[in-house]
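Peer 1: Those protein sequence lines, which keep their order, are chains A and B. When you line the first sequence up against the working numbering, it's residues 1 to 567, in that order. When you line the second sequence up against the working numbering, it's residues 1 to 204, in that order.
Be aware that one or more of the hints could be misleading.
Derived CB-CB ranges, DEER-like [unchecked claim]:
(1) B:Tyr80 to A:Glu510: 41 to 47 Å
(2) A:Asn514 to B:Thr156: 45 to 51 Å
(3) B:Thr89 to A:Gly123: 18 to 24 Å
(4) B:Ile148 to A:Arg73: 32 to 38 Å
(5) B:Ser137 to A:Glu49: 53 to 59 Å
(6) B:Val179 to A:Val407: 40 to 46 Å
(7) A:Pro42 to B:Tyr80: 55 to 61 Å
(8) A:Arg73 to B:Ser137: 56 to 62 Å
To list a few chain B residues with every Cβ distance to chain A over 10 Å, as calculated [stated by the list, open to error]:
(9) Pro94
(10) Gly118
(11) Val139
(12) Thr156
(13) Leu182
(14) Leu194
I should point out that these hints are in silico values taken from the structure, not numbers from a laboratory. These figures come from a predicted structure and were not determined experimentally. Beta carbons: idealized from backbone N, C-alpha and C, even for Gly.
Residue strings, one per chain:
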Amino acid sequence: MTRNRFRRRWLLLLPAILFFSLSLFTDLPPVQPAGLRLVLVPKYQPRLEAILGREKIECLQELQDSYIMRLDREEGLRLRSHGLKFRLLTVYDRGLVYALARASRAADLELIRSRFRAIFLEGNDYLLLAREPAELEELPVNIRRRLLPASGHSLAELTLLPEEFIWQRVQDQLYEQLAGEVSADNLRQEVVNLQNFGTRYAPTGNCLQAGQYIYDHFSSLGLSPSYQEFYYSTYLCRNVIAQVTGQTYPEQVMIICAHYDSTSDQRWTLAPGADDNASGTAAVLEAARIISGHPLDFTVRFILFSAEEQGLIGSLRYVQEKLSPAENILGVLNLDMVAYADYLPEDLDLIGNRSSGWLVDRLAALVGTYGPVPGKKIIDASFVYSDHAPFWDRGIAAVCAIEDASVPNPYYHKTTDTVDTLNFDFYRAAARGSLISLADLAQVIRPGYPATPRNFNLSLSTQASIFNHLKAVHLNWDPVPGAAGYNLYRSPVPHANFQKINSSLIQDNEYIDNLLGTEAVFYYAVTAVDSLNRESNFSRELAVNAGLTPLNSLRLLFWGILNFFWN
Amino acid sequence: MDGRIRKMGLAITALVMGLWWLCGPVSSAEAVEVRTFFTVGLFNFRQPEFRELYGGLPAFGVVVDLFTRSNLGLATGIDYYQARGEALTLEGEPAVYPVKFHRWTFPLLLKYRLVSGGFQLAAGAGLALSLYDETWSGVELSYHGRKIHFRAEMATDVRLLSRLYLRAALTWDSIPTGVSSLLLGGGRVNLAGLGLQAGIGTRI
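Bound conformation, chain B alone (with noise of 0.2 Å):
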């Protein structure tokens, strides 16, 4: 326990101190270029088990990027994701349950971008935080978790009009929830995968 808060409290003052050294040299409005998106895409899980159950997910974000004249700039939004499935069967006779699974993902990278013209290409890595649930029709269960995770992610802009965007992203999560699953013989789920999100988007 000491050492997650420990962890966090690191994980905190690393953000501040990103914060602080990005805000301090911006002076002006100019310094600063802001493009918010709207994307939807699929997410992969990386464990096939998790695959077989949900398949891919439909994900759905909202995305800030900020930027400064230095192309350094920091990413933050909302990611929801959701799936349907069967709960599947390890043992005995086959029966149907409905499985339903969310995830809402708050993340907040640290980016850097190449510029050239009306193409953009950024790269960036951080924290998220998770929360997820996984909810079973037809008998009372049901699991709640939260975790404060890695991600990375990469995106491309190309330019449509003066002030709107085309984007194309690609981020990965790696989720380690540290829960022990029959579906994994007992391991630890991690619900690591991979996302591919297009959207579109404007420069304010």
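Excised from the complex, chain A in its bound form (with noise of 0.2 Å):
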């Protein structure tokens, strides 16, 4: 009995030795490091950004309800940890391109898989696999489509906004009067001269000569117009890039932008893109006319992209090497087909990602009272296929202005897209719009106002109790010559929602704002105020993050009663 239970013991033992001999007689394979992999992780899941935020996990691509992110072993075993719940799209391979694609037809899916590994992220989106950039022009050309950036962004950088917003002064006599030196027949020349280079598919000849158009009509206008050049593939492409300096605060960047690019199924021949995108090009160009003959607080830049057909090549060039620290991008307004219409009124879609809501809502009210063209608010963070969206990715707000997508311009990536098939009552509506957008965010000085104040400042002070803590905001700025006096303005919320702080106007060019509320992070502008109780435009953006906790105000009971005795 005991000498079977022996044998039993060995026989089990057997297996275990043998392993442990061969793995140390056998020259085994080093241990490969865990893959990347790429995954779609829903939205709406509880605690999802802090906890991403926290795990420092970076998003390549926010959708509409989900994100693409680029994960390995350990970082998706610590999500999983979390009980965030996701799914694996491919394992990541760094000599593949990936991008995005928009299939609204089933014959262009099928198009799609014929050619590609196809694999479905939501809605009509999905992520297309390719050996290099240049195989993306294998899709039809109907098909919308964008790379999926290399690098990704935190989403704790992502600021949520209400979806209500309050604005001030819409009505104004001096947008009026902008409004009306837009010109249709200036639209139509230049969606004309722009049509005339046959083609302006991104790597021909003609569309860097189309380029060079852009850039002599920017010279004409006194501006200082510069390129930016890179190469798709092996052909030169050249962003055109000018700009009207802001007088007040220089630093703060308005840009308006569109791509002069063109496509079609006859593309290195016959490309007219006449509504794509002349019509965007040339409301950017009637644009710079009309605003370089005023004077703004803050910049405005007009960005005129190449090779968006490409999958936005131009705009992801442009982020990658333009932006810089020193500047702060107020938003970006990218139009994009703007001259189409079945029939009249026309919507302007307006489509934006969540933080982009409060440019998305001011665009419309400005569109719809000086267009006017009703704006279609729409937040959609998928609609990622025009280059507003590598504004997106570094998290900037940014607006794409495109006609009603619910009914498609016909002739789109076609060669019948010309002059002919536009409305130009709608298109200059939409560029009227455009235009009191750009003034307005920029900043259009109205004459004989008072200055908008300068060097708007802060700082901030705690003062803090045993139970209780003060945030003091210092604020200050130059005085203005001839103003009455300033007023202050607070808002929880950036850009939007501005309230008066102060009762009568402040004498001085300073004040001392304690933060008593709840709320976390405060937006502050200051303005100018005359005699004749004209106010300037508001001053550069300032923010606070005053983390306050909320204050403790129920007395007891008891305690009033003997408060009470005491006293």
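The task is to assemble the complex, starting from two chains supplied on their own in separate frames and drawing on the hints.
Peer 2: Encoded structure:
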């Protein structure tokens, strides 16, 4: 009996001894480092953004209902340990090119699947895998696409804003006057001029000539344009950049942009691209013509991108190479197809992501008043198929203005996309609305009004006792000649919902605001007011993180009684 | 919350049982000695930040001690602490904000004494209810809280006349409020500290 048990024990031990001996004498391959994977993380999971922020996991691409992320095995396990759900898309290979594409029709999807490995993301969006960017040229021209960003951004940086905003001063005579300067004839002429290049397909010499034409146009307005050169495959491409520098806060920058390249099924020879996107380009040129004649508080930058049709390459290169940390990009208005209307009144779709909500709201108000054209507010983070998307990737508020997408232009990416198919009533209204949006956000300086206070600065001081603390915001600015006083505005959200905090005019050029509320972050701006009660534009906006704890204002009944007797 | 209520329930039960145990053997007035004192003194926070803010807190008290022949007893009374100071500047430009702090404490302690002629040494521990209040001047900032907490005490009485006594007492309070404070870098506030009080009293 004992001997049997002994044998059984040996039988069990034998495989282990064998395995151990083999592992000693066999040259086993080294352990491979854990691979990276692309995963799809659904939004609206409890504490998702906080966990991702804490774990320092970056988002490659935000979609409407999910995030695309690149995780190693360790990060994946950590997310799972927090109870977060995600779907594995594919193992990430740095040698491949990843692109997002929108296939709205079954036939498009079939075509995509016949040529690429396509992974479903959400809605009509797919992740495509290619060996090189040029392979994406095989996609049918009517399919919107963009390259998946190679690097991510932290979600903690995203600002989540309310859906309702309060704005001041939308009706304005100066704006009416500026809007009146928009000329339908100019717009038509510019579209014709751009169309006359035959094709503006980015790899062609014609597109370079179109870029030169835009450059010369900016020069003729007295601006100092520049090129941003880059290569798509072996083809030279050029973004054209010009700006009107702000007089009060030049580091505050508002961007209006469009892509000037085009495509069609005969793209090497004929791609007139009147609506897509000579319309946006001409609207930017017209805005430059009008705005350049007026002084502004903030800088306006006009950018006309190339190689958008190749997957937003021009705008990607711009945000990679040209964004300066010394600048604060207030917002980006991207005009992409703003001249086709199947019937009037046509909507102008204003598409933003969550953190661009304030800009969408503001633009909708302005285009509705000064177009006038109904601005349809759309928050859709999945709409990443135009030049606003690379700005979204950097957490910059950006809006794509596009004609009503529910009724697509039947000439889209065709050789028939010509000037005679455009509706110039709608187009002019869209251009007027865009111009006034730009004038409003960059703050055109009103003649006769007090100057905008310069050098608006703040510092924070904190006083504390055992149970309470007080954050005092010390605000100061340069005195404005002729000002009778100043108004100070505060908001719990950036760019909107400002409320005046002084009951009467502030006489000094400084103010101390004691923060007793519960909000964590406050935004401030100051204006000057003259003796005729005319108010200047807002200064630049400054933020302060107060990080206050709620006040305890409950008095105990017992304490109240005792206090009464004591007193 | 359940835990807190349970703890309070346990404390009250223990108190009632203690009272019953004490009062049980008392069958006549001679079995009980009652002493009453009026005291003044200083309370010092254990937390250096609080000391920097308020310094020592002047304290005023009324104490009633009740002892049986077995030298076991109960002590109760009212203590009042108050101080004024200026809020501390943690960052940025200094600014002056006067602040006031008050605390009322109602202790109930179980004590034991040693008596030798006109000298008595007593020590005890128990629970106290404290109500505290901090108010800023110039801005609408205030805080009011309450806590049942632990208190320990050691007191010495010296007889001056037949019914007149002099007392010196040392008390230790631990008052974990559960509230976080920026002054402590977000740490929880404990109003713990040591009080030294002296007073005069009489035997009833």
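Peer 1: Taking the hints in turn, state whether each one holds.
Peer 2: Here is how each hint holds up against the structure:
1. B:Tyr80 to A:Glu510: 41 to 47 Å: 42 Å, holds
2. A:Asn514 to B:Thr156: 45 to 51 Å: 49 Å, holds
3. B:Thr89 to A:Gly123: 18 to 24 Å: Violated, at about 54 Å.
4. B:Ile148 to A:Arg73: 32 to 38 Å: Distance hint for Ile148 (chain B), Arg73 (chain A) is violated at roughly 51 Å.
5. B:Ser137 to A:Glu49: 53 to 59 Å: 41 Å, violated
6. B:Val179 to A:Val407: 40 to 46 Å: 60 Å, violated
7. A:Pro42 to B:Tyr80: 55 to 61 Å: Given a distance of about 58 Å, which is inside 55 to 61 Å, the answer is holds.
8. A:Arg73 to B:Ser137: 56 to 62 Å: 58 Å, holds
9. Pro94: 7 Å, violated
10. Gly118: Answer for Gly118 (chain B): holds, closest chain A Cβ roughly 35 Å.
11. Val139: Check fails; 6 Å does not lie beyond 10 Å.
12. Thr156: Non-interface label stands for Thr156 (chain B): nearest chain A Cβ at 30 Å, farther than 10 Å.
13. Leu182: 4 Å, violated
14. Leu194: 17 Å, holds
Consistency with the previously given hints fails for numbers 3, 4, 5, 6, 9, 11, 13, ordered from lowest to highest.
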